[in-house]
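Participant: Okay, here's what each chain looks like letter by letter:
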Amino acid sequence: MAVKQRFDHRHILSLEDLSEADICLILQTAESLKEISERSIKKVPTLRGKTVVNFFFEPSTRTRLSFEIAAKRMSADTFNISASTSSIQKGETLIDTARNIMAMNPDVIIVRHSCAGVPGILADNIDASVINAGDGIHEHPSQCLLDMMTVRQKKGKIDGLTVAIVGDISHSRVAHSNIIGFSKMGAKVRVCGPSTMIPIGIEEMGAKVYGSLEEAIDGVDVVMALRIQKERQKDPLIPSFREYSRFFGITKRNIGAAKPDALIMHPGPMNRGVELDPDLADGPRSVILDQVTNGVAVRMALLYLILGGD
Amino acid sequence: MTGKAPMTSFQKMRGGDASLDAPLLFKNGRIIDPANRLDLNGDLFIENGRISWVRPSDKESSTVPDDTRTIDLDGRWILPGFIDMHVHLREPGEEYKETIESGSKSAAAGGFCGVACMPNTIPVNDCEAVTSFIKARARNGYCRVYPVGAISKGGKGEALAEFGEMRTAGAVAVSDDGRPVSDSQLMRRALEYCACHNLLLISHSEDLNLSRNGVMNEGPLSTKMGLRGIPRSAEEVMVYRDLSLAEFAKRPVHIAHVSTRESVSLIRRAKAGGCPVTAETAPHYFTLTEDAVEGYNTRAKMSPPLRTGDDVEAIREGLRDGTIDAIATDHAPHSDFEKDVEFEFAANGIIGLETAIPLALALVRDEIFNVTRLVELLSLNPARILGVEGGSLSPGSRADVTVIDPDTEFVYTKEEVVSKSRNSPFLGSELKGRAVLTIVGGRITFCGEEFQR
Ligand SMILES: [Zn+2]
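As given, the protein sequences belong to chains A and B, one line each in that order. The C-terminal position of the first sequence is numbered 310 in our numbering, with every residue numbered one higher than the one before it. The C-terminal position of the second sequence is numbered 453 in our numbering, with every residue numbered one higher than the one before it.
I should point out that these hints are in silico values taken from the structure, not numbers from a laboratory. All residues carry an ideal CB built from backbone N, CA and C; glycine is no exception. Treat each hint with caution, since some may be false.
[Claimed, not checked] Using C-beta positions, here's what the derived DEER-type ranges look like:
no.: 1; chain 1: A; residue 1: Arg99; chain 2: B; residue 2: Tyr96; range: 19 to 29 Å
no.: 2; chain 1: A; residue 1: Asn125; chain 2: B; residue 2: Gln452; range: 38 to 48 Å
no.: 3; chain 1: B; residue 1: Asn213; chain 2: A; residue 2: Arg272; range: 24 to 34 Å
no.: 4; chain 1: B; residue 1: Ser233; chain 2: A; residue 2: Val209; range: 53 to 63 Å
[Unchecked claim] The calculated lysine to any residue pairs, modelled on SDA-like cross-linking and capped at a C-alpha distance of 20 Å, are:
no.: 5; chain 1: A; residue 1: Lys234; chain 2: B; residue 2: Asn213
no.: 6; chain 1: A; residue 1: Lys184; chain 2: B; residue 2: Leu210
no.: 7; chain 1: A; residue 1: Lys208; chain 2: B; residue 2: Pro220
no.: 8; chain 1: A; residue 1: Lys50; chain 2: A; residue 2: Asp127
no.: 9; chain 1: A; residue 1: Lys184; chain 2: B; residue 2: Leu221
no.: 10; chain 1: A; residue 1: Lys234; chain 2: B; residue 2: Leu208
no.: 11; chain 1: A; residue 1: Lys230; chain 2: B; residue 2: Leu210
no.: 12; chain 1: A; residue 1: Lys234; chain 2: B; residue 2: Ala35
no.: 13; chain 1: A; residue 1: Lys208; chain 2: B; residue 2: Gly219
no.: 14; chain 1: A; residue 1: Lys50; chain 2: A; residue 2: Ile81
no.: 15; chain 1: A; residue 1: Lys42; chain 2: A; residue 2: Glu58
no.: 16; chain 1: A; residue 1: Lys234; chain 2: B; residue 2: Leu210
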């Protein structure tokens, strides 16, 4: 079909809001924009005069930088605001904060926050477009889109593949977005981890739960390892990294169960030797660096589509 | 002034001119009084703050004094005054959310003649001085106020508070509401010590270790929304603990705001075995499910959290079969700036005094229980459980009366809210049935627009 598709979303809050067609359009757009990053002058004037605010309530270098580079490559003006304390501690409500940002008259606000739902609250209360750059343990849509872009590049498709996500599924916004996204695109998604890290009702989001790592990665096309933390907010989840690594770490030995050409992915930052063997992370099947490169392209595509470029 | 008559009016319990305490004759009401097994169409006469007589409409009324105010109720319901045994009035300490004056006014507007106020104020109501302060403030209010003292000093869960002195100052119960007692030995001693001072113990059953970091019911929806969950077990293990302690100590325990199916089952089984337990639930637990949280709606955030449809069904069954004895609102005012924030940072609780009657009436319309049971749940049982006067329309008793119009329909709007706070998930909802007159000690404290003179 040669019909040019329309992208009619003002905000990118959750993978749930995007249709299969929307996702295809984002990935196609990202592919065509990727070439810009390979030029010697890595800049196009597409978004000249537009203002993009990076509003990060939670420390993040990688995602913030990726969005910033994406905006700059398209000539948008960018501002970074980081707030390490929550708005309530400053005696200011989230809505007040949003109104203050609006004084800068931004076109897009990119939000990272430790609380689920914050991008949606901002979207409801301000005039600018909002992109969710990670909200609590809810979602991380641009990470999911860059993961899908990477898989599609390497495998030529997503439909029909089997993806295993291994680690703390309960507390991973990357896992949540990827389960929704990959399922929507026709992949089968398996999740695996210590039972303290598998949340109630994850099957309803489209994932199949596996208790053993060997079974989980048996015959899969993609293995995605998540960053592990021993405990979260005084909640003991695993006894030690050593024990985790012994039963759920991806190693050269157990990766044999996956397809011979299976991709190895990690959203970073990585605990080398805990969730993933360092040799695998740096080996030929690893696409971790492609993920970083594609991150910029996907974020350029989101800004471009949201700001109505044509 | 445009000359428009006021929509509704309020009178404080005390002060004002003598005409406020003139005799009252209610004619042509449906009088429902489970304590006296009455359900009849009739008249009720109040004089000198007490109920004089109740009689069927077809009987010839006896003569009444000249200064009597006669109100034709045209079939509306005359009920023994409603008592809400679980509210937060926020005074002392958080007067920006609510005061004893504003909270008691909200109670009057909702048809309540009395409220029991929980001790988690600032300072905590853990001693005679704070209890006396609340009683003194309540003299300037719109309904009776029954202070509930803290179980432990400072609500810290470490040492027993002075139950006897609080009782002397007017406390009717002790509770760990808002600050659950984790130490089971302290809970046991508290139950035993209540016996000396004839106090009820009201338990907010929550295992703080299990609920830690949680902000909504734990289940598929919390997973999908990326919010940390509070498992039902956080309530149920403590309900079981307190039932076991009550059984062992042979002392009554009252379980506050029951929210899960298993809690209802545990209480039902304990009652069948003779354990001296009573229980309450709040209108939101038999009306709403966790779905109300969708969209990160902080007006639906509370503790315990809203549960599932299955739990709602069990709560309704518990209300019907007598497992749950009372409906209490857990009226918990918070200002907008504590609710217009990230879901995880938002304060727990909702206001409830002004919406309890229509929400409870919905269950009567759904034939979950009948009107007699409604009166037991909102008047007779709370009075008996707290050991306070009220709950009946017996001649000679204090004239605390709630008159409701079960059929009037209204939209509960921000402008309509009488409480100082507006944190209700029912704002904008169409509700059916409400109080039209609230009478405390023979004086009309709340008068709906129908009866404006
Ligand atoms: Zn409570």
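Participant: Checking against the hints above, which ones are violated?
Facilitator: Going through the list in order, the structure violates hints 4, 6, 12 and 15 and respects the others.
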